Amino acid sequence: MSSSMTPRGLPEPQGLYDPRNEHDACGIGFVADISGTKSHDIILKGIEILINLTHRGACGCDPQTGDGAGVLIQIPHAFFEAECTRLGFSLPSPGEYGVGMMFLPVEPHERMRCEAIVEEIVIEEGLTVLGWRDTPVNANTIGRLARSTQPYIEQVFIRRAYGMDQDALERKLYVIRKRAEKEVANTDLREKSFFYVPSLSSRTIVYKGLLLAPQIVNFYLELSNSEVRSAICLVHQRFSTNTFPTWHLAHPYRYLCHNGEINTLRGNVNWMQARTSLLASRLFGDDIKKLDPIIAPGGSDSANLDNAVELLTLAGRRLPHVMEMLIPAAWASDPTMPEDVKAFYEYHASLMEPWDGPAAVCFTDGRVIGAKLDRNGLRPGRFLVTQGGLVIMASEAGVLPVNPAEVRFKGRLEPGRMLLVDTEKGRLIPDEEIKQQLASRRPYAKWLKENQISLKQLADPPRVQPTDHATILMRQRAFGYTDEDLRLIMIPMAQNGEEPVGSMGTDTPLACFSDKPQLLFNYFKQMFAQVTNPAIDPIREDLVMSLYDFIGREGNIFEETPQLCHTLKKRHPIVTNWNLEKLRRVSQGDFLATTLPMLFRVEGGEKRLEEAVDSLCRSASLAIKSGYTMLILSDRGVDEEYAPIPSVLALSAVHHHLVREKTRNQVALIVETGEPREVMHIALLMGYGASAINPYLAIETLEDLHARGYFPPDYTFEKLLKNYIRAVDKGLLKVLSKMGISTLQSYCGAQIFEAIGLNRAVVDRYFTGTASRIEGVGLGVLAREALLRHKFALQRPVESDTELEIGGSYQFRERGERHLLNPGVISKLQHAVRQSSYSTFQEYAKLVNEQNRNLFTLRGLLDLKPAGPPVPLEEVEPAREIVKRFATGAMSFGSISKEAHETLAIAMNRIGGRSNTGEGGEDEARFRPDPNGDLRRSAVKQVASARFGVTTNYLVNAEELQIKIAQGAKPGEGGQLPGHKVSDAIARVRHAIPGVGLISPPPHHDIYSIEDLAQLIYDLKNVNPQARISVKLVAESGVGTVAAGVAKAHADVILICGYDGGTGASPISSIRHAGIPWELGLSETQQVLVMNDLRSRVRLQVDGKLQCGRDVAIAALLGAEEFGFATTPLITLGCIMMRKCHLNTCPVGVATQDPELRKRFQGQPEHVINFLFYLAEDLRQVMAGLGFRTVNEMVGRVDCLVQRRDVNHWKARGLDLSAVLYNPAAPARVGRRCLTKQDHGLESSLDHKMIDHAREALERGAPVFLSLPISNTHRAVGAMLSGEIARRYGSEGLPDDTVRFDFTGSAGQSFGAFLAKGITMVLEGEANDYVGKGLSGGKLVVYPPRTSSFQPEENILVGNVVLYGATSGEAYFNGMAGERFAVRNSGATAVVEAVGDHGCEYMTRGTVIVLGKTGRNFAAGMTGGIAYVLDETGEFAKVRCNRASVDLEPVTDGRCRACATLDEGTASRPPTDADSIAFLVARHAELTGSPRAKWVLDNWATMLPKFVKVFPHEYKRVLAVSPASASLAPVFSSGDSAPTGADLEVGTSVGAGLRAGAASASREALGG
Amino acid sequence: MGKPTGFMEYRRELPARRPVAERVSDFREVYQDFPEQKLRLQGARCMDCGVPFCQTGCPLNNVIPDWNDLVYRDRWREAVRALHATNNFPEFTGRICPAPCEAACVLGINSPPVTIKNIEQAIIEHAFREGWIHPELPSHRTGKRVAVVGSGPSGLAAAQQLNRAGHWVTVFEKADRIGGLLRYGIPDFKLEKRVLERRLEQMTREGVIFKTRKHIGQDVPVEELGGEFDAILLAGGAESPRDLKVPGRELAGIHFAMEYLLQQNRHVAGEAVAGQILATGRQVVIIGGGDTGADCLGTAHRQKPQSVHQFEIMPMPPPERSASTPWPLWPLQLRTESAHEEGGTREWAVATTRFSGDENGRVKQLHAIRVGPPPKFEPIPGTDFTIEADLVLIAMGFLGPVKNGMLESLGMQLDARGNVECDANHMTSVPGVFAAGDMRRGQSLVVWAISEGRKAARGIDKYLMGDTRLR
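In order, the protein sequence lines correspond to chains A and B.
When the letters of the first sequence are read in order and numbered with the working numbering, they come out as residues 1 to 1568.
When the letters of the second sequence are read in order and numbered with the working numbering, they come out as residues 10001 to 10471.
Treat the hints with care, since some could be wrong.
To be verified - Simulated restraints, written as ranges between beta carbons of each label pair: (1) L788/A with E10130/B: 45 to 51 Å; (2) P10112/B with K884/A: 55 to 61 Å; (3) P866/A with A10323/B: 39 to 45 Å.
Said to hold, decoys possible - Some chain B residues well away from chain A (every beta-carbon gap over 10 Å; in silico): (4) Q10055; (5) F10256; (6) G10270; (7) D10291; (8) S10322; (9) V10371; (10) K10376; (11) E10388.
What the hints assert, rightly or not - Not everything, but these chain B residues come out facing chain A in the computed CB check (under 8 Å): (12) P10004; (13) T10005; (14) K10038; (15) V10051; (16) T10056; (17) N10061; (18) A10082; (19) A10085; (20) E10136; (21) G10275; (22) W10330; (23) L10332; (24) L10334; (25) R10335; (26) T10336; (27) H10340.
Quick caveat, the hints were computed from the structure, so don't treat them as lab data.
Predicted, not measured: the structure shown is a model, and the values here were computed from it.
Cβ coordinates follow ideal geometry from the N, Cα and C atoms, glycine included.
Chain A with its partners taken away, still in its complex shape (with noise of 0.2 Å):
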């Protein structure tokens, strides 16, 4: 890519570093006068909300500089009136002028040049330059560096032309920047990069750059001024995950602020470019020329976003109708939504694509200002109006101090929703009547019915042509079809409906290493979310994902026609073969078809291939211009003379041109081609830019299939091809959700993929903007790999050789692809630490390095260079210091057996290196020693998705507590453990049901952003202070940039893993085309940290196939320190790369739960010991050849390193890792390998002072008790407390009750996280995310504050993804919580009034009762535990509820085993759902004082038929057979008598620590 598309202020790219890769996450937030009344106040106000949300941003090296913060304000016109006239000139009337807020060089000389272009384009456009004012700041407010790279900011005051309207003149002034822009960027000046302009209007102005919160008002000094006033105040706090000086990132932007980001930025770059040509306004006029490009290069996704907005706003939409047009709600699928609002949205997706991702954004055009969040709602966004008509909005409750008795509401921003504030009208819009009014603009609804499509309207083909075997097995020889691909790919899709499953990690060469020809497919690698945003479960949360897309010409979208929706609509991408023949015979309105050949000559050889790819774009531009509009691209011809072009390569080359020549949304791209046949290659079509697919050879193979034979009987051939359609449907949502993108409209052309192995010509010409950094082959190879497969194919085919290539890429074959893990490695390893021979293990190290220098890995191509001479032996640092930076891979106990993970543990343990649980907690009776002395305690803990067994006792039995972002298998997904494999030992460490299945959600419910996952690392290390916290991320391209960020929030220890490692179960696509080896990712990693000097306060580790002594040195001199290793411990305990361990079946007992087989499990810590051993001599063999003492010195030393010079190979010899080997300049005080410890801030956590007046708790069991006001700011409370008690007391805790805080205020996050048993925390007021995520038996009671005057149940109380991995413990919520409430619960019991979308979701146990509304989706996932729903208007019942894992079932008086036990005394009786609903609501009403509650228990017998039992499927299939779960079913303890039925009294006692306060509490709530 040019340099002219570096974001200013940020690095060019080099090395590895790309500055497209930088991520922010912010905190954002608006106040507003609802009035319009204009104040100093509201400014005020807005630095205050600035300041106290500057926790979410983050600073870097120099504490002093901010990421950004920035202000947007409506133009305060009496101030500048003043202002000007002390400069000698007057202003006219508000309106009349803009101002534009203007960052200019600092040398004098180009700032007058900047002075002048600007001027001189003023002048052109027919306006006047009133004149220029210097912007007064105080520079020594802030940070060094920020000082160092500050530009010179001035305003300059524009005058409108003679009669302008105010629009007209917000256009001009537009035209004017956009100009400007263009202009300055075109001189030669050497300082052209400081210019920027942060808003240029009549209406709102601009004050941003990069500070910290607090010095914003220091910095600009006319913020204080009094004079300058406003009604609204919007404001942003950046969390950048670099620490470069970048004062224009800052937001807010001309119309808005974001959080979040826009995963498909890149196809919308490309769409908007595309569409320029279309556009044509009567508002503009011939200015639209001049707007070109209407996405500035170098912005950063927030600020193409705010290109779009500025664009077609300024065209004469509405700022709220652009809002939804650019960033819809979850339309195609929500039983909720009235059906004129989704012929809006339905009308406005056949314009164009959503720009989608996690985005929470605020808006304003000086006169309206809102806020909006995406379909997912994955940002936090909360609200109040006073009752004086005050509007604040922030990403947390509490940011400014309010009166509760002023408070009139509270919300929260919900998915696909807008907040609005009308300040001209004086109005809060609600959502409702926002979209209403959008709905009712137009009578869409018509329109899509007269001029939609559908391919059922369309006329039948004559018949398709009939195929025989001779001509599909040719056809599946020219597209290189494997056996493997029938076999472990197409049949099982067909046959099942799903993409198959498979496991441990990929091991098979790069495409470019291969020396079998490659699919150019197996060149790309799919990206994916982590950290910055978040994956979705495109299963359990398919109502937000769609596969719709909307094909046909595109229009111009300034207008608003029923033309433009003329579209042709598709429910998914696939094209049969009889729907093709449709399309490409159809005539109806604007469609007509054309076909052109995606082949090229045999005869010739390689570079016919180049023209014949030039050719097809000159015919598709021909095309077009004669009027199509659908082009078929297609390889069916594919004969003795004609060899396919790769499918990939001839659609992106063609979509690249169109956009070029801006003529790519004049037509649909239909890909017409026997390739593609498994996920990965559909998505690839779609992600570079096809309308369409007809994978005709995939249909026609399933068809010979099935006549031949290879299915069952009852299956027809319609049948297999639908579930081959469902397979490839699923499997395509899950690689969007994968990157965190919803819809595949917006997927199209966003080319979420990194090259590897292809050179730069290639990419750049074919696919624009596609990462591919190590270069690699070109087009000649690529023609060649195609020519092999075309001679194949017309071969003859002979009775003695099967009929295709045996494949080998999933299981190891003799003729197939190479594996790193073939049976010579495999036995010579087994033999060597079985027989502990070291001599052995330098055989099997001698194979490993033969097979990667035979071009198998990128480090084989590496040489070794000696850092000075070589060392004796002797002096190289001993192996028993080397393997303790040693650690085995994150494995759950359910993945593997126990006694494979016992055996690691105890062999690290003996030797100090770490092992870790993996996803699935850990049995407590392994937290003490064995009687030989022995410790099977995995060191790492590792913190994943689903929080299985993550209790505050097992945070602290640990000495390094690892977030797992993602896996190096399958980055960016979820998982699965079956039913069948959740035993009672794995049910009772997971805190599950034995027999009922456990999900892991594909994000971490609390890890929405790089401050979200600041907030989980501060939340653990609160828990446990002394265990370093680590972050698991996996190698892609921007690794480094996110590492980066995750090293600003404070992890102790960031984990690069390869794409090759291994799993339990994934999706096969998954394990092979999903991220990229670690040497790109470790590399990447050191060159960011040490450019950002954040290297020095992390350590790196990586994994992935490291072998042996070789490998861990150059992942040492690329960067780490230390080293995981997991399938070779695997290997070493027996495990011979099965790959069934997802079947159970493991035959070695190694990944097996079965009892029979795990008897067969024969591994011992030895074995593993002298694996270890044996790897850290021969490490220290190549250390001492190289110089090295110790491993220390070895860090980062990239200059050891060289690339080879002697590779031949038809492929690898186009590679140049010269990136990989990049070392950034950097002085020497810049550290390159970690040197000191990370600041926690923990010294500021309210919990210093809970401790301390808990000692005699802690110490004695003493009942304590204290309250306290507490803050937003306040964050974790109670976590550390809750720590110090497991410390003591293990997982029993305290009595209940025994410590007790009562707070009054707004609570930080994670209120109550991890709480451990015998604490109870009240709080009066509200609190925001992740309430008692972890909680582990504490108890929480919230309600407002007793003086508000609003009604509880209707307002935000509690904010999003409360009780997240809650294992057990009680809470009570007199209030609305947010979205996902008691996600992933699995034992807390909870009462609350009412919650958003996906409540109860991932659910396995605990019981949870919502007492009134719940949002969309609600038990989505669930599959263990009971939720009782009360069902007022029965619309839970009808569309709230997913009920593909519950049934809905009435509650009654009847017994029911299932439901929670009130407590000992009565456990031999079970209660009935009556009795525990009764109950609990009776506890809530008194702990609460809940009016709701309350009115419930008085009005018992009208109440209880309405509600609704939420039932898990499994739970209740289990419950059924085995009666002994009974006892499982969730226990919560409780207070001394327990009420039975409506017989209740309020008030009744409780746990001695609670009586005092509570009880009077609600008795005064009620009271009044």
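Given the coordinates of chain A, work out where chain B should sit on it, guided by the hints.
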């Protein structure tokens, strides 16, 4: 694929051998039929491993898991295709291969391995029975001519491969019938010769020309071939037997095993063998405990001897896999072949020190001593003994190819072990002349011979055409 839990559900089962009493009275194969339904369940025992060690254990790299699964799924036609893809003659290996694949079978780590060899045989027999084995004519002829010297398994495999690649192939055999060791070395009770015939018929119909009684280097000067052929493959085996150089060796009644086996094979084939060496009524001692020794043993049983002893110089191997040869290596362990079941006495750690003869110069007694372990085989004092023996068969292996004649006249370069030295493409030091099988590799298994033949065919095809599609 297949049945994931098959290995836990079904036990290993092989076809039974015919009762000893019955089988020693004829020379027909010793195994009984095995019902296909049962066999398919044996196929289900295959675990379809991610890393199938069996395939590497097999010198031919047979894609064992694939055809195991196809058999289980009753897809025999595809099974034989997959089998033939790597092995020209599964009917030979399915009978006489010691099955290193089974030694490497992953299931064998802790359970009895899959009955791979038996499945292999069943597939090819099924195919012959169904009439699926046709001559496979090349799609075109290259016009190149290749001479293959020797018609043992490697020569035959190479000939079939080269013919299929389109070359005209002529196989020269010094004996009067084609087949080499398969014909004359292996007794019928292990490999009935009809099995060989039907394959030779296929090859003949494919266009391979067989010329018998042409001893290249003796009857026909090797130089003559050079003028006529574009390439020559030497596949003459390793026919120099290792001799036992002890006093009395010259006595009558002491023979090399091959001499003995060849005569019986001819006899079974219906040829008249004058003065055949017979064990009938004799006190037989076989020296050498390997496969050839076992073949002698089985043959002797069928000739009704008075007694048979088999001596082996190595100590008795353990009954189970020895720790020195862990899985997946070929295990050192005691093997009991069908011949051992049939009688005779096996003695271990015995070294023959001398023979003494009767007045007619015929061997009468064998004198031996017990020895220690290798490599020194130290005699253990006081353990010497004498045994009556009037027929002694020496089955002590082979030293390599016969040097005089063809190899000498070609001036062939030999390796340290006396075998023909070749490059990676199996070409010898003489351009255009290739070697394969025991001649290149030294004495080995039939499966290795086939593998050698295929690889050499690839080398020759590449040499002739610049490129090869053979696998």
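Verification of the hints:
no. : hint                             : verdict
1   : L788/A with E10130/B: 45 to 51 Å : 35 Å, violated
2   : P10112/B with K884/A: 55 to 61 Å : 43 Å, violated
3   : P866/A with A10323/B: 39 to 45 Å : 41 Å, holds
4   : Q10055                           : 5 Å, violated
5   : F10256                           : 37 Å, holds
6   : G10270                           : 32 Å, holds
7   : D10291                           : 25 Å, holds
8   : S10322                           : 13 Å, holds
9   : V10371                           : 27 Å, holds
10  : K10376                           : 23 Å, holds
11  : E10388                           : 45 Å, holds
12  : P10004                           : 5 Å, holds
13  : T10005                           : 6 Å, holds
14  : K10038                           : 22 Å, violated
15  : V10051                           : 4 Å, holds
16  : T10056                           : 4 Å, holds
17  : N10061                           : 4 Å, holds
18  : A10082                           : 6 Å, holds
19  : A10085                           : 5 Å, holds
20  : E10136                           : 5 Å, holds
21  : G10275                           : 43 Å, violated
22  : W10330                           : 12 Å, violated
23  : L10332                           : 14 Å, violated
24  : L10334                           : 22 Å, violated
25  : R10335                           : 22 Å, violated
26  : T10336                           : 26 Å, violated
27  : H10340                           : 30 Å, violated
Comparing the model with each numbered hint stated earlier shows that hints 1, 2, 4, 14, 21, 22, 23, 24, 25, 26 and 27 do not hold.
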